[in-house]
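There are 2 protein chains.
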Amino acid sequence: MTINHRLGPLFTDLYELTMAAGYFDRRLFETATFSLFIRNYPPQRNFFVAAGLQDCLYELESLRFNEEDISFLSDTDLFRADFLSYLKQLRFTGDVHSLPEGTIFFANEPILEITAPLIEAQIVETFLLNTIGFQTLIASKSARCVHSASGRQLIDFSLRRTQGHDAGIKVARSTHIAGFDGTSNVLAGKEYGIPISGTMAHSYVQAFGGDFEAFTSYADTFPNNAVFLIDTFDTLKGASEAVKVARQMKQKGHTLRGVRLDSGDMIRLSQQVRYFLDEAGLEEVKIFASGGFDEFKINQALVEGAAIDAFGVGTSLGVSADAPFADIVYKMVRYGQRHVRKFSPGKESLGGKKQVFRFLQENGFYLKDTIGLRSENFSSGSALLEPVMLSGRMIQPYPTLQEIRHHFKANFAVFPNEYKDLSARIKYPVEVSPRLRDLQPTLLA
Amino acid sequence: MTINHRLGPLFTDLYELTMAAGYFDRRLFETATFSLFIRNYPPQRNFFVAAGLQDCLYELESLRFNEEDISFLSDTDLFRADFLSYLKQLRFTGDVHSLPEGTIFFANEPILEITAPLIEAQIVETFLLNTIGFQTLIASKSARCVHSASGRQLIDFSLRRTQGHDAGIKVARSTHIAGFDGTSNVLAGKEYGIPISGTMAHSYVQAFGGDFEAFTSYADTFPNNAVFLIDTFDTLKGASEAVKVARQMKQKGHTLRGVRLDSGDMIRLSQQVRYFLDEAGLEEVKIFASGGFDEFKINQALVEGAAIDAFGVGTSLGVSADAPFADIVYKMVRYGQRHVRKFSPGKESLGGKKQVFRFLQENGFYLKDTIGLRSENFSSGSALLEPVMLSGRMIQPYPTLQEIRHHFKANFAVFPNEYKDLSARIKYPVEVSPRLRDLQPTLLA
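So the sequence lines, in the order shown, correspond to chains A and B.
According to our numbering, the stretch in the first sequence is residues 1 to 445, in order.
According to our numbering, the stretch in the second sequence is residues 1 to 445, in order.
By construction, these hints were calculated from the structure, which means they are not laboratory data.
Everything numeric in this text was worked out from a predicted model, so none of it was measured.
Among these hints, one or two may not hold up.
Note: identical chains are not told apart, hence a pair may lie in one copy or across any two.
Straight-line Cα separation of at most 35 Å, DSBU-like style, residue types lysine-lysine; simulated pairs [to be verified]:
no. : residue 1 : residue 2
1   : LYS420    : LYS409
2   : LYS427    : LYS297
3   : LYS420    : LYS297
4   : LYS237    : LYS368
5   : LYS297    : LYS88
6   : LYS88     : LYS252
7   : LYS368    : LYS250
8   : LYS420    : LYS88
9   : LYS252    : LYS237
10  : LYS237    : LYS353
11  : LYS88     : LYS250
12  : LYS368    : LYS244
13  : LYS88     : LYS286
14  : LYS427    : LYS250
Please take these sequences and the hints and turn them into a complete structure.
This is the structure:
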């Protein structure tokens, strides 16, 4: 694969390695459990959609320091030779429990727990946080867009503005998990099998010097897959040129797929363009809109009666502009035989290996969640964290992107609508089990 | 290199390729010029620092569709065989004029102009926008942090929260260009030679069960490179434990480098900890602070008298949280013998190949810029865009990161302080030359 190239274990904060050296010196090799979770909701968010697990499992399975890595670390003069020899033979041998990708979850619920010899569990922190934090953020915002679009088509247009290359690829994947229909991103299409979409930019119309010439020529090249961008000079004039070319196409037995609006008052323009098209007997021609859309603007456009059949959603989704990071952390909750927790003000965490239990209403919709101890059992609640890796090996082939997408869809269908409101005012109830709560005061500092 | 692996030409929006197919069908092979620029300042920004050029030049030099790429495109059933054969032999043969990385520039000034046969110039759009947009955004925010820190040390701590893997690596590079001293990112240290920094997390202290045990052990492993994290349980108690261990270190001839605060009221705590350290004769021990810092919080802390010697700057810098994207665009400004421009409302662009001229005050500080035609000359203004690639080949070896860093530093030193105010209220004057202005009304639509 082009995109899942080796990053390797140097993709880490240095302190993971200095801590590992400290643990090594004192022979702190006991088993630790770390829990990865999001502490707080960003403003106007009240749920998350798990994403990024696949990259994490591949990285854990292939974790090894190669000669070049060791040589670089040696050159820093920070590390002793015995520790570097130890790193050289290090593999990830731990267990991973995780929410399946596409699962809806909430603040403070573990997305993933790692149980492994202390050093192994520690040094993967940075990679896990980076990978799951970003992809989860995008999948979560995508789900909000999907809800706002009420069944209209959504295409990821974000590649040109994402924060770097990996982000561009992972945005396409994360949006697709959460129900987007396609992406403009060709590489993501190739690597993940996501449907790709796109036709022309303003520069195309400019190169031909006018709408009519550009549209005619495009229709010749793509008679069955043409969407004309009609706002390069003037949207309504562009629409009337599109109508002319669409009629010519019809005479040849072809159908114009759509026209695209990319600027101006989308509500008014979409209605006028719909009228033009319908008057010309082109009811089958769809109206695509792009330019500044996010869940809020999609919702507003549709509430105000925009005649838009499909949205290209770009920048603000691709960087999660309203909430560009999640307050995601990876905390030690158990070491050896001790439960441990953190006390720093505002950053307290709960000790102990955990499980998330989800309870449903009689109609099958979500009722509430309970964060409990891994060892607990609730007859009426289903346990969401699943073992996905044991002793460093994935326990079954990873689900396909289609399966993950279906898992999300099934989840989202029974997630009550009151929590999908864009204001995110109503928070889903998440309780802490009495046994987990009772454990906390007794934890050794 | 691990990180500059091949992305290849499928890292693109599909429409670049469908447009290319349209151009190919009509034999639109004439030379085009595209200009890459940022249309507007994000809120509270009034300057940019160019970054990302190196990745772009490498990608342009190595641009080619391999068998796998062609086979994927063929399988989409969108493209005809003659076009795919054409793509297979396609190389980038164009010219690139660019601002050197590290150059300060302003809204609407071209960062880069590409002149190449139309298809070559078009299909690189997505990659260029993604790469330069993000790295420039981060370098710009980093410069603001450097200004706020007034000479105190700055370390990039953002890797765990950046938007994906590539972002993490490029944030380290972009912050270093703009004057950061180091990064926690080990891979960026290896790939770019940036100094790496980091010691311990809360989990380290937790694994030992207490501050004193953790600090003592760490000092044994890293006697000359220890910074103790003192807020795991209680910052002031942590400080007094650090003092004990620092005294023991001193007796053995070692020096504690510093203590780190990561939560609580940093101003009050840093002053109290400084007092503790000084009282104990540990004036040489530095105070590091991390947790939520950006240019605004650094400035506020120092204005209010925080006793902080070095800042770890993480999330909000790494995702440019206040402005997570730039309004960056890539517009055709010339095709064949025609100047071209865009008229879409709110998105107008200026036609013609351009140059940016910078005029200085007598004291050497920036006075104003003028955007003119590439063919213009101003005896007193220096031309900022430089030819960096001719006929698809870089014309000289790429500058080192150190050289780029020095270029920024020299630029920033003569950029008047009034424009560095964090409010960004005062905008630097950028004029359009009369000749460039006069050209616009005559451009064919």
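Which numbered hints fail: 4, 5, 7, 8, 12, 14
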